[in-house]
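Participant: Sequence:
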Amino acid sequence: MGYPIPKDLKGLNAAQVRQSVEKDGYNSLNTKRDSGTLDLLLNIVKEPMLILLIVISVIYLIVGNYTEAYFMLAALTFVSGISFYQDVRSQNAMRELEKLNEPLSKVIRDGQIIAIKTHEIAVGDLCITEEGQIINADGIIVHSHDFSVNESSLTGESLSVFKDANGRDNCVYSGTITVSGLAVYEVKKIGQQTKLGQIGQSMKSIKEEKSPLQLQIERFVKNMALIGLIVFMLVCLVSYFQTRSVIDSLLSGLTLAMSILPEEIPVAFTTFMALGAWKLMREGVIIKKSSIVETLGSTTVICTDKTGTITENTMNLVAVYSEAKQRTVYEQDYHLPDVSDVIQTAMWASEPVPFDPMEKELHQRYEQTAKQDQRAEFELFHEYPLEGKPPMMTHLFRNDAGDRIIAAKGAPEAILEVSSLSVEKKEELRQLIVQFGQQGYRVLGVAKAHDTHHDFPEKQQDFQFDFEGFVVFYDPPKKGIEAIFKQIYEAGIKVKMITGDNSNTATSIAQQAGLKDASIHIDGKDLMLLSKEVLDKQLHDCTIFARMYPEAKLAVIQSLKRSGEVVAMLGDGVNDAPALKAAHIGVAMGNKGTEIAKAAAAVVLVNDDFSKLVVAIAAGRRIYANIKKAIQYIISIHIPIILTVSLPLFLGWIYPQIFTPIHVIFLELVMGPTCSIVYENEPMEPNAMKHKPRPISETFLNWKELTISMIQGLVIAAGVLFIYQYAYHQTGDENTVRSMVFTTLIFSNILLSFINRSFYYYIYETITYKNNLIYYMSCITLGMLFLMLYFEPVSHFFSLTYLNAVQLLICLLVAGVSTLWMDAYKYWKRSRTVHVS
583 MGYPIPKDLK GLNAAQVRQS VEKDGYNSLN TKRDSGTLDL LLNIVKEPML ILLIVISVIY
643 LIVGNYTEAY FMLAALTFVS GISFYQDVRS QNAMRELEKL NEPLSKVIRD GQIIAIKTHE
703 IAVGDLCITE EGQIINADGI IVHSHDFSVN ESSLTGESLS VFKDANGRDN CVYSGTITVS
763 GLAVYEVKKI GQQTKLGQIG QSMKSIKEEK SPLQLQIERF VKNMALIGLI VFMLVCLVSY
823 FQTRSVIDSL LSGLTLAMSI LPEEIPVAFT TFMALGAWKL MREGVIIKKS SIVETLGSTT
883 VICTDKTGTI TENTMNLVAV YSEAKQRTVY EQDYHLPDVS DVIQTAMWAS EPVPFDPMEK
943 ELHQRYEQTA KQDQRAEFEL FHEYPLEGKP PMMTHLFRND AGDRIIAAKG APEAILEVSS
1003 LSVEKKEELR QLIVQFGQQG YRVLGVAKAH DTHHDFPEKQ QDFQFDFEGF VVFYDPPKKG
1063 IEAIFKQIYE AGIKVKMITG DNSNTATSIA QQAGLKDASI HIDGKDLMLL SKEVLDKQLH
1123 DCTIFARMYP EAKLAVIQSL KRSGEVVAML GDGVNDAPAL KAAHIGVAMG NKGTEIAKAA
1183 AAVVLVNDDF SKLVVAIAAG RRIYANIKKA IQYIISIHIP IILTVSLPLF LGWIYPQIFT
1243 PIHVIFLELV MGPTCSIVYE NEPMEPNAMK HKPRPISETF LNWKELTISM IQGLVIAAGV
1303 LFIYQYAYHQ TGDENTVRSM VFTTLIFSNI LLSFINRSFY YYIYETITYK NNLIYYMSCI
1363 TLGMLFLMLY FEPVSHFFSL TYLNAVQLLI CLLVAGVSTL WMDAYKYWKR SRTVHVS
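For the sequence shown, position 720 matches number 1302 in our numbering, and the numbering has no gaps at all.
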């Protein structure tokens, strides 16, 4: 904290906290509730596949086929169980994310300052709020220091308001933002009782917008359901004219409807997104909204600040320029009186209890060089916050004797502007700033004002400042940052540095860190003078944005978005919040990030580790690729099921009902876990981060991918129908035909799940991917198939029969030819790519 807290503020003790919670409850808005078990089950029962299963079970009961009815009811339980399991997994993952997203609040309890979760704030607590933090309860100020607050979330007024304990308006409200200073407030209202809570009641009816991918998938499933309904009616009519049996016709129609309906896709999407976010959480990346995962994979530009993201954020004082002696000195000479005076003034211009690395360094150097430590004698009584373009800050201290210290530090250009120096001298000092900047050093100007009267001006720039000198810091690039940028560039993603430093310092650090085109830069002031059209053109090539302020940062993000880029913005301060909110993916730092930055961001890097953003982008690409694989698998395997169920009926083959609902539901039970559990667990392909990002507007399956999947399905269908005719002409027995057709389809399904693990790498390459679930699922499926073929009670139930080794081999051979041709296509595609490149 930058300000001392009065020792007489003790706060609540443990017993008082318990009493308060019993009386007024927890500080929770409850605007969004988790679905309970009953809600989850009700949602599952509404699913079309479950409705079909219930209808078929009822039909079997009516006609007295109790064994089939019981099987369908068991299948219904199993299918709903899988859906319930996936929903619970998704909900648990999101609940864990919400817990991590909950901000901490500082309170005084039993005379100690502690951090608690926001929902644990109790009525009567003494809460502490500082610059950049969100106020989390309604209360009355009991102590403050240069405290101002932005209440636009409640009032719509964007200007900040200064408040204190003795003012006419000494209230603070939940959801507002501390702009400057510090306040301790006594909590009077929490949760639903706060002003924000009352507004929040109206938010319950607001539905969250669905992502583009979600909408595309929903449209696809609805279209398939509509096709299923039309084909269902058609099959019922054809079957009725052939059999004159309503029950048989209904069962034929329902069997086909079950084979058409791709109900696995929405389940797979929800599972992939929720579990993807949960896995990233374990990596130290908090995703606030699971659908943002799909956007991560489309990132085309990363806008990042410099300090603490690209650099170590250590801020070593490497040099001091003293105007008194007009010389630059280094560490061994900091004890010299004129140099010590510059360090001393810079320290007074810092927070009394520093939290910024530069200010910590200045306090430490002051302790080492000052003849007498005067910090205990002086009290900070007024502060001008960091502001201006470029920014500066001023602190006013006084002691019991009435002596005052007025010290300022900030961007060297800002300090030179307010100092009483000649034009020639200012130009000479600007050249010195350039020299420091070219070495990657960060320079702060230092100035002191003489106390000529007891009043102080409204603006800090109105003081009569004497220029003292420069303090020069070096914050080296993080170890391994070059390798991270290399990964980003290989993935086809551009990087732009947005910093408050001057262009020389920013360019030097960018070059040391391995940024491309680091010499191309623009300053915030110049940037804001450009028209939208000119700005959009210049931004394409520009890498370094220096001396940036909130409006300029926002302009950069908006320009990049206009140009069709998908922007990830990294930031940590209050002034980053507008840009973080505007970016497609706002990324805040978990450690050094302010609460307002974290609130504005969609992603939080827990340990401020830039490399984790690369992990998140890679995860986004992996998840999106796996969703596509799952959907392509579903489309490909549904086609042979649909054609095997329908063509024998439409073409008048000898066994028109080769499959009944119990066969189709078994195939559904195999496909569901394969697409939603097995493919979700697939690792990222080796070349995933070597490609350019996919356009965010791209549909989840383009025509080329859809065509390949349809061809895969049609080839498998051709193989299965070939087996139908082969088995019929060999044996003429319906159960043998059904057994060989069913076995071929199961073999094809297993091989398809392996071949579709990649549409680039061959099956012998993907076999090494670490995903044991696919092997477990294949073994379980084969075990159940052999049980159905060779265990008589089960064989009888499914109307299947024993197949000899030759018949099994023929089924396997046809399944292999029907699926493994895809590797020949991959070879052709890869050789064509190599030839073209």
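Keep in mind the hints are simulated off the structure, nothing from the lab. By construction, the Cβ of each residue, glycine as well, lies at the ideal position given by its N, Cα and C atoms. Among the hints, erroneous ones may be present.
Ranges between beta-carbon positions, derived for each pair [said to hold, decoys possible]:
1) A697 to M1110: 33 to 41 Å
2) A807 to K971: 56 to 64 Å
3) T649 to N1263: 53 to 61 Å
4) N748 to E800: 38 to 46 Å
5) M1110 to D590: 44 to 52 Å
6) A1065 to K1114: 31 to 39 Å
7) I636 to K1114: 35 to 43 Å
8) S610 to Q946: 22 to 30 Å
Participant: Give a verdict on every hint.
Facilitator: Right, here's what the structure says about each hint:
1. A697 to M1110: 33 to 41 Å: 39 Å, holds
2. A807 to K971: 56 to 64 Å: For K971 against A807, whose Cβ atoms are near 57 Å apart, the range 56 to 64 Å holds.
3. T649 to N1263: 53 to 61 Å: Once the Cβ atoms are compared, 35 Å apart, the range 53 to 61 Å for N1263 and T649 is violated.
4. N748 to E800: 38 to 46 Å: Violated, at about 57 Å.
5. M1110 to D590: 44 to 52 Å: 48 Å, holds
6. A1065 to K1114: 31 to 39 Å: For A1065 and K1114 the Cβ distance comes to about 36 Å; the hint holds.
7. I636 to K1114: 35 to 43 Å: 58 Å, violated
8. S610 to Q946: 22 to 30 Å: The hinted range 22 to 30 Å is violated for S610 and Q946, with Cβ atoms some 42 Å apart.
Comparing the model with each numbered hint stated earlier shows that hints 3, 4, 7, 8 do not hold.
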